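Participant: Sequence:
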Amino acid sequence: REQLDQPTPLPTMPGFKTLVAVLTLCVSAQAFAPMTPVKSMSQAAAAPVALRRVPNQRSALQMGNNAKFGIFSPAVVAARAVLGDKTLNKLRGKGISLHSQAITEWTVYVGASSYQRGMLIKKAKNNGDELGFLV
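My numbering puts the last residue of the sequence shown at 145; the count rises by one with no breaks.
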């Protein structure tokens, strides 16, 4: 009788399971964030909430002190520690300037309005905030 070749098992890597566990915890850190308290049905019925209309206002620009902590925030914090606030702000300003120029050149190329250009620059700022570049 012929014996079928059995596939050789993959070599084990020491600490692989620990590495996978640590990476999983880091990626899913948001899952452990505290949730807002939920009112029970009896509490919600007992205390009606008064609704009021808020006039439509344009959102105010957020500066670096109000920035969100994102995926690139640790790199920005490390760069601040190495370069200092003044140099980091110069570098950040240069990057923002170059990006705004690229957006402007692209909007001119495609024939977009100045309003659309402004909205794209605002979107870029919001994305930078979400990703943690403005910490």
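Don't take each hint at face value.
[Claimed, not checked] Pair by pair, the computed Cβ-Cβ distance ranges are: (1) PHE79 with ASN99: 15 to 25 Å; (2) ASN99 with ASN136: 13 to 23 Å; (3) ALA85 with SER124: 29 to 39 Å; (4) ASP95 with GLN126: 28 to 38 Å.
No lab work stands behind these hints: they were computed from the structure.
Model, not experiment: these values are computed from the prediction.
The beta carbon of each residue, even a glycine, is placed where N, CA and C say it ideally should be.
Participant: Hint by hint, note whether the structure agrees.
Facilitator: Status of the hints after comparison with the structure:
no.	hint	result
1	PHE79 with ASN99: 15 to 25 Å	holds, 18 Å
2	ASN99 with ASN136: 13 to 23 Å	holds, 20 Å
3	ALA85 with SER124: 29 to 39 Å	holds, 33 Å
4	ASP95 with GLN126: 28 to 38 Å	holds, 34 Å
The structure shown violates none of the earlier numbered hints.
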